[in-house]
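Student: Each chain, letter by letter, is given below.
There are 2 protein chains.
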Amino acid sequence: MTPVKDVFIAVIGAGGVGKAFLSQLEGLSQRLATQSSSRKLSVILVSRSTKTLYSPQYSPLPFDNLSTKLADSTQQTLSLTEVIDFLAAAPAKSILIDNTSSQDVADQYPQVLAKGISIVTPNKKAFSGSFKLWQDIFSSAAASGAKVYHESSVGAGLPVISTLKDLVETGDEVTKIEGVFSGTMSFLFNSFAPTEGSGGKWSAEVTKAKELGYTEPDPRDDLNGLDVARKLTILARLAGLPVESPTSFPVQSLIPKELESVASGDEFLQKLPEFDSQMEDLKNAAEKEGKVIRFVGSIDVAKKVVKVGLEKFDRSHPIAALKGSDNIISFTTKRYASPLIIQGAGAGGDVTAAGVTGDLIKVLERL
Amino acid sequence: MTPVKDVFIAVIGAGGVGKAFLSQLEGLSQRLATQSSSRKLSVILVSRSTKTLYSPQYSPLPFDNLSTKLADSTQQTLSLTEVIDFLAAAPAKSILIDNTSSQDVADQYPQVLAKGISIVTPNKKAFSGSFKLWQDIFSSAAASGAKVYHESSVGAGLPVISTLKDLVETGDEVTKIEGVFSGTMSFLFNSFAPTEGSGGKWSAEVTKAKELGYTEPDPRDDLNGLDVARKLTILARLAGLPVESPTSFPVQSLIPKELESVASGDEFLQKLPEFDSQMEDLKNAAEKEGKVIRFVGSIDVAKKVVKVGLEKFDRSHPIAALKGSDNIISFTTKRYASPLIIQGAGAGGDVTAAGVTGDLIKVLERL
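Residue numbers (full-length UniProt numbering), protein chains in the order written: chain H, 1 to 367; chain U, 1 to 367.
Mixed in with the good hints, there may be bad ones.
Said to hold, decoys possible - Chain H is faced by these chain U residues, among others (derived, beta-carbon under 8 angstroms): (1) 158; (2) 162; (3) 169; (4) 170; (5) 241; (6) 335; (7) 336; (8) 354; (9) 358.
To be verified - Listed next, with one range per pair, are the computed distances between beta-carbon atoms: (10) H:60 with U:55: 42 to 50 angstroms; (11) H:257 with U:194: 45 to 53 angstroms; (12) H:196 with U:194: 18 to 26 angstroms; (13) H:316 with U:111: 47 to 55 angstroms; (14) U:282 with H:365: 45 to 53 angstroms.
Keep in mind the hints are simulated off the structure, nothing from the lab.
Idealized CB from N, CA, C, for every residue including glycine.
Isolated chain H, as found in the complex (with noise of 0.2 angstroms):
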């Protein structure tokens, strides 16, 4: 028998990814202890915006009521860098767990990996935001050996950044990597241009996937193609393109000139109504050639060309028939001449928190 290694665990963000994933924390920690695993996590942080709850003698937390205690928390709030010296002055090895989208926690990554401590995160700016950050991270998780995992940062519980990495490292050649990513896009364009049937307005289906909380607080923010490009900028650069930045190539914003500097997204989805025609003609001529319309990123690797944006796709496609607001994400490689593909719920609280669970497993496994 290995003898029973500690691990102590940090988790900042307690949005929904957050709360999803401290619930499955705590069934995982129950796991570990039942199945007499050679690991035993200590959770001796959480945090949110405001919000400090940590254990400073490094016993472990109670999980019974996390996120209420630290919603009631009187503890000093912890700034990033109180944070980081208090996990690195742990007792044992430790992981931060990254449940914010925030740049500013991102940038730290390679002074976090540099001091030992392993990073788990759905977090998708430290691997699209500039080139030099990627470099930083994972030169300075070699050089410590702390690990870094992020398999949520694309298509959510999705194993598409597992995949890619094993057919790299296994010594394939990733040729083309082609996808619905994201799933605010799957639905709207499922729901506009159907593969049977002929779909709603434009305007009207933007408006319903706000009210079933399928965009952000601004629809902009989904339909300027970023949240996509961010996507293709890490896959990218996993399969070897050292892609600048998720700017630094075409992608396509579907946002009307007109409307992009209107204040406010209430005010953009009263306005774009008077734009309908523009979508209406791009689908109307995909028709014409029995086709339908999507916004798809694509990666041509020998090429070195990534772009995102609408492309036409026969009926019978994968991409074209996909429903509700799943991703699709195809890999076209020297070995697999014919692509592997997955496809699924690409978006969720759940989903997500549960690819930044299977990756704290495996961070556990590797420590």
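Given chain H, put chain U in place with the hints provided.
Tutor: Same frame as chain H, now just chain U:
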């Protein structure tokens, strides 16, 4: 910097998968060296049925022409027991790569693991034999801390086993698993009952599949459904069902009763046209409902029902729309209400070996 750990590797089996694996192993070994990995691979033994090439003093065998040198080896052939003892006595941790499909080797896994030797294999036999062998394997691994990975035992290199394990280990509840698990069956039905056009005669498609090398030497070894039943047994057990054996649930054989006992595969193919009307009737019955027939396996976890056989699908269903000899595996879970789907080449030496190489990397990182 963590110190470099030497890990000893023995590879048994040098068929299609074994040869592709040795080539990938050479690449992996070089990448580990150039990336200053904390792991160093030393291949100390390769063997196939009647030949063994090994390094009695545990110094690494050079990679160049390993297959040829094995074929030309004049060293005394080691028995499986001798190979295990040789690995157990190695001066560092060791991994047995079993690229055979041998039940005899599989039966030894509990003893191998008990000695602290990890196992990586595409061999289905160990995980789809008796439930007692399954239990012995995993309890033996838990006791010694040795690892056992077998991604390629289902869907070759497709991330099927790892995805299912992640779902279970993160606390999701898998309610249904369904799909096409055989490249041979996929090819046969995609040709015999295509979603567009009419397809050829059943016996002609079977003959063509054999000529293309898509079937076993005797096609009945594919048509009896046992290969699919073995894969379903593995997935059902991982999902928590204590399936006793691959013959303990309904499996539909596509071998006409009258041809079960004919002497050879050739005689079988010769007489198969006499029974074409049986398959034609099934195809036509489905067509009347606007559907196509496919050979699928399914696991209803809640109802504890596992079955393998022909089913009808709408032409637009992802299982119907499969192409070539691709596999498709769909997981319905509590978190994934719309299924998580994995699709792509599920057979072939290169992709099967890639699953083995990927597992080897995962075990190396955990030793």
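Student: Evaluate each hint against the coordinates.
Tutor: A quick look at each hint next to the structure:
Using the Cβ-Cβ criterion of 8 angstroms, the hint placing residue 158 of chain U at the interface with chain H is satisfied: the shortest such distance is roughly 7 angstroms. For residue 162 of chain U, the shortest C-beta to C-beta distance to chain H is roughly 7 angstroms, which falls under 8 angstroms, so the interface hint holds. Given the 8 angstroms rule on beta carbons, the hint for residue 169 of chain U holds: about 6 angstroms separates it from the nearest Cβ of chain H. Against a cut-off of 8 angstroms between C-beta atoms, the interface hint on residue 170 of chain U holds, since the closest Cβ of chain H lies about 4 angstroms away.
Using the Cβ-Cβ criterion of 8 angstroms, the hint placing residue 241 of chain U at the interface with chain H is not satisfied: the shortest such distance is roughly 18 angstroms. Restraint check, residue 335 of chain U versus chain H: the minimum CB separation of about 5 angstroms is within 8 angstroms; hint holds. Here the hint on residue 336 of chain U is kept, as its CB sits about 6 angstroms from the closest CB of chain H, short of 8 angstroms. At a threshold of 8 angstroms, the smallest CB-CB gap from residue 354 of chain U to chain H is about 5 angstroms, leaving the interface hint in force.
Hint status for residue 358 of chain U: holds, given a least beta-carbon distance of 4 angstroms to chain H, under 8 angstroms. The given range of 42 to 50 angstroms is respected by residue 60 of chain H and residue 55 of chain U, whose C-beta atoms sit roughly 47 angstroms from each other. For the hinted restraint 45 to 53 angstroms between residue 257 of chain H and residue 194 of chain U, the CB-CB distance of approximately 46 angstroms keeps it satisfied. Distance hint check: the CB atoms of residue 196 of chain H and residue 194 of chain U are about 20 angstroms apart, consistent with the given range 18 to 26 angstroms.
Separation of residue 316 of chain H from residue 111 of chain U is about 51 angstroms and conforms to the stated range, judged on CB atoms against 47 to 55 angstroms. Distance hint for residue 282 of chain U and residue 365 of chain H: a CB-CB separation of about 47 angstroms, consistent with the stated range 45 to 53 angstroms.
In terms of the numbered hints stated before, the structure departs from hint 5 and from no other.
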